[in-house]
Amino acid sequence: MNKPPASEDDRSAEGFGPPLLDFWFRFSSEMLDCTSRFPKSVRFTVSSRIDNLLLDGIERITEARYGRNRCEALNELNLIIEKLRFFLRLSFEKKFISSGCYEHFALKLSEAGRMTGGWRKHCLSHPAKGREAV
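According to our numbering, the sequence shown is numbered sequentially starting from 48.
Read the hints as simulated data drawn from the structure, not as lab findings.
Where a beta carbon is used, it is the ideal one built from N, C-alpha and C, also for glycine.
Treat the hints loosely; a few may be bogus.
Distance condition first, Cα-Cα at most 16 Å in a straight line; then the derived EDC-like pairs of lysine to aspartate or glutamate [what the hints assert, rightly or not]: (1) Lys130 - Asp98; (2) Lys168 - Glu119; (3) Lys155 - Glu129; (4) Lys130 - Asp103; (5) Lys168 - Asp103; (6) Lys155 - Asp80; (7) Lys155 - Asp69; (8) Lys87 - Asp103; (9) Lys155 - Glu77.
Taking CB as the label site, the calculated pair distances span [stated by the list, open to error]: (10) Ile105 - Phe133: 14 to 24 Å; (11) Glu106 - Glu77: 12 to 22 Å; (12) Gly164 - Arg115: 13 to 23 Å.
With the sequences and hints as input, model every part of the structure.
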């Protein structure tokens, strides 16, 4: 009997990647859609900084999963999350995004921060197992 392909939500459970990577991928996709609608006057400043930070986040998660310095990569990801919070707030205050979008993305960033913190805590408390994704 053929098994249906794994849904997007089931992939992490089947070992296709850490849950944070799947979460960040979906978050980045939504955020990139949002920044593409920023005013043309800030498309090469604020918008491009947000876009680059999102892509840097994907790189840090991949480094945490496969690299040698997992805790360092997770610390860098935490810094990226903080930078994104500032750019998100700036975007809201300059009215590049609505209050609903601001709230949605702020909650997503908080969730990413909790996931990163949990993975980092596991990495620090289990140095031999620090290579595992939580």
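task: Run the structure past the numbered hints and jot down the numbers of the failing ones, going up.
output: Violated hints (numbers, rising): 5 and 8; every other hint is consistent with the structure.
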